Amino acid sequence: MSNKYTEDDLREELKTKEYEYGFYTDIESDTFPNGLNEDIVKAISKKKEEPEWMTEWRLEAFRIWKDMIEPEWANVNYEKPNFQGISYYSAPNKKPKYNSLDEVDPELLATFEKLGISLDEQKKLAGVAMDVVVDSVSVATTFKKTLAEQGIIFMSISEAIKEHPDLVKKYIGTVVPKKDNFYAALNSAVFSDGSFCYIPKGVKCPMELSTYFRINQAGTGQFERTLVIADEGSYVSYLEGCTAPSRDENQLHAAVVELIALDNAEIKYSTVQNWYPGNAEGKGGVYNFVTKRGLCETNAKISWTQVETGSAVTWKYPSCVLKGDNSVGEFYSIAVTNNFQQADTGTKMIHLGKNTKSTIISKGISAGKSQNSYRGLVQINSRAENARNFSQCDSLLMGNECGAHTFPYIEAKNKSAKIEHEATTSKIGEDQIFYCNQRGIDTEKAIALIVNGFSKEVLNKLPMEFAVEAQKLLEISLEGSVG
Amino acid sequence: MDLKEKLLSSFMVFEDRVDTNTYVHDVRNDAIKTFEEKGFPSKKDEAWKYTSLNKVLKEDYSVFPKQENALEYSEVKKYFIHDIDTYKIVFIDGKYSSHLSQTTHEGMDVCLMSAAFSKPKYRLVIENYFNKAANNDSLASLNTAFSSEGAYIYIPKNKLVEKPIQIIHFSTGNESALMLQPRNLVVVGENSHVQIIERHQSLTSNPVLTNSLTEIFASKRAIVDYYKIQNDNLKASLIDNTYIKQKQESIVSIHTFSFGGNLTRNNLNFYQEGERIDSTLKGVTIIGDKQHVDHNTLVHHIEPNCESHQDYKGIFADNSTGVFNGKVIVEKEAQKTNAFQANNNILVNDKATINTKPQLEIFADDVKCSHGCTIGQLDESALFYLRSRGIPEKEAKALLMFAFSNNVLSSVKIPELKQRITKIIANKLGVNIGFDL
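Top line first, the protein sequences correspond to chains A and B. In this text, residue positions in the first sequence follow my numbering: the first is 1, and each later residue adds one. In this text, residue positions in the second sequence follow my numbering: the first is 1, and each later residue adds one.
Calculated from the structure, these hints are not laboratory results. This one's a predicted model, so the numbers in the text were calculated from it and none came from an experiment. C-beta: ideal position from N, C-alpha, C; glycine also. Warning: the hint list may mix true and false statements.
Stated by the list, open to error - Coverage of chain B stretches by chain A, computed from C-beta distances (three or more under 8 Å per stretch; other residues unrestricted): (1) 374-386; (2) 419-428.
Unchecked claim - With the C-beta cut set under 8 Å, the calculated list includes, among others, these residues of chain A facing chain B: (3) Lys-162; (4) Lys-354; (5) Ala-423.
As the list claims (entries may be wrong) - Chain B is nowhere near these chain A residues, computed Cβ spacing over 12 Å in every case: (6) Glu-60; (7) Ile-64; (8) Ser-87; (9) Ser-366; (10) Val-378; (11) Ser-382; (12) Asp-394; (13) Leu-396; (14) Gly-399; (15) Ala-412; (16) Lys-418; (17) Glu-422; (18) Ser-426; (19) Lys-427; (20) Cys-436.
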């Protein structure tokens, strides 16, 4: 450790550091013309060889979307996407089904190598099954056989529509209805692909399920649709993580994730999000408008963990509807914003059943000229006896050009409700740094230590494989901004 | 004809009747235009998400009372803090009652807005301060457009006002429904100190809607203690807009005690325009029935080294609804700000509702800002402890609720007022406990 490497050097280095994962792979893809109308919706559906009911479902969503207005309440400023200027379908056109890695397009493999997530390595790692999504269509599915033995269905949603129409038909749109919001309606109309997961009764999924999302085609929006169903008494841990190539024009991402935890089931959903946040001048970057929601039946538990470091604009509220008695909802989040990034993120905990519990831990770190908002809702309905909520939102500010905001909404309609909400905003204390210095830890390390400690509560909730990656991401996005 | 149209059409008549100081005339005309544009707030406005005025606005209010009404002091003595000597500015149905009031011009002005508007000697103060703190919210604009009467308090430099000032608005109910729009202006000079108690009281069960606006200007090192007692009957609704501008090292505290009224909305706005300012916002809300109390606070930290303390306690029974919407903004320049916000609530019945939204918007990095918010019940074991020592359930609960609100009560600086509020609380909880807190 050279002592000459000062904080200023580090700051300079990080400022000039280009987005590491900014490259672009040219995979021949068949892309639809820009714009959106009923014909495009029908064409997407046809392209994916979907049954009649799915086409109708999409069209209905499109009709609802047409009459909706883009929401403006979020605490973010951005140039609105031109929805007619986006191509709504793009898929790698070679899509044979692989059984081994040798069959995969070598160019694609090289892409993964650059990202540092070689499939080989992933396969070896503690049994992680990968359903790799490049530009909206599943290309490789691994560990499928092991999962199949347990009766677990883990496949792309387009396959699921064909192979398990009953399950999809029964659950899709039940947690996030088509008319839920502007982006959910848009997604329902044009979703290209995504993951489908079904865990049968009483099965504990033996491995962490994971999907890597990437945006890889200029000017294509990515509309992922994820549906996870955990049948009675089952357990699943699902990981989602993404990186995107650096592109100049704004890319739109409007995903919908639906989780259904039936009686006594448990779903753990973890996300590491590191999409291109735009350059140091705030140009470019991904718009991330996501609707994520889970439904808990009796004694069920849903736990959301997210580490958000990317995207120019983030607009994301993973929520839990605690419908069944004794159900539990959890939300652990770290949102880091730097340069001109804007994040408006948080959660909704809707308590409907008796003895329902929810925990919210949200850590916001803002640096540079970024704006970081926590927006949350805790709602206790009149029949939710003995509902319990604990929320904590802490913000750490670095530099005097960024902002941290909290907008917690708390609505209680039952007298037995116990709700606690705490929020703090501060910078790294001089006394804390002094304490570390005094014990021979230099300032740079001290800051890393403090930031790590600040985020630890959330990092601890991540599965092993992700925790490492998340910590790396935090370092990249942050340390240079510490002043 | 709905209330908005009625107000707009009566503005003409009103404007002809009052004396026209050109400055005030212009302000009023601008304000009515703003109100015409914006109209009454609806639930679609974020700031009014949890409070609907619809029901309240349905009444057929008369905007100008037709006759002057008189009241005997003995009838209304109980509404005064009468055991100490105070200055009093009393209004009956919006008209000044010289009979019940006790004003002064000796070394300071404790008098009427109508006088301040019309007499040339106040002109400079009016032009420098009137409508300089209020913003152009629709209800604030409405009040500004119709501003003609209220309390005018001007304390010059280096003056310690020895007696508290009481501002009381009575409505007699001689009109079937009445809308009042009092306008108060309080200017406190450097190093001066003043204590003010404000109360709105309706004497019958005819509906009253009060849209009150108070502007307070605290100069350097001034100290202002302002107490609002809201214990009206169930037909009276109150929209209380307060705007406070503070200069450096001034200390302003506003205590709001909400026990009565049908719908009460408090818009409390602090603007800190200097360094080392201290602002305190505290409140106790104890309501039941179908009452609705909404505290909407804003503290705007503009300069460095300032502090703000917010502490709101609420106890909600029956079908009542409580709303707390607290916002703290810390500007980029406002380094070393210390902002604290707490909102604690107890729900007594299943049908009571609490909506709370403590908001922080922070643009400076070297600050300490925190907010805490809880909704819960009385501690079962504490209750058991008291009962095991022979205190009946009702009294034990009351004791715990007293203790719950004590943080706010303890900072009331007028002992007689504290006693009075303690009594009101005891009354409200239906107990007879004779002790001071």
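The hints, checked one at a time:
| no. | hint | in the structure |
| --- | --- | --- |
| 1 | 374-386 | holds (count 4) |
| 2 | 419-428 | violated (count 0) |
| 3 | Lys-162 | violated, 44 Å |
| 4 | Lys-354 | violated, 13 Å |
| 5 | Ala-423 | holds, 5 Å |
| 6 | Glu-60 | holds, 27 Å |
| 7 | Ile-64 | holds, 21 Å |
| 8 | Ser-87 | holds, 35 Å |
| 9 | Ser-366 | violated, 9 Å |
| 10 | Val-378 | violated, 9 Å |
| 11 | Ser-382 | violated, 6 Å |
| 12 | Asp-394 | violated, 9 Å |
| 13 | Leu-396 | violated, 9 Å |
| 14 | Gly-399 | violated, 6 Å |
| 15 | Ala-412 | violated, 5 Å |
| 16 | Lys-418 | violated, 5 Å |
| 17 | Glu-422 | violated, 5 Å |
| 18 | Ser-426 | violated, 6 Å |
| 19 | Lys-427 | violated, 5 Å |
| 20 | Cys-436 | holds, 19 Å |
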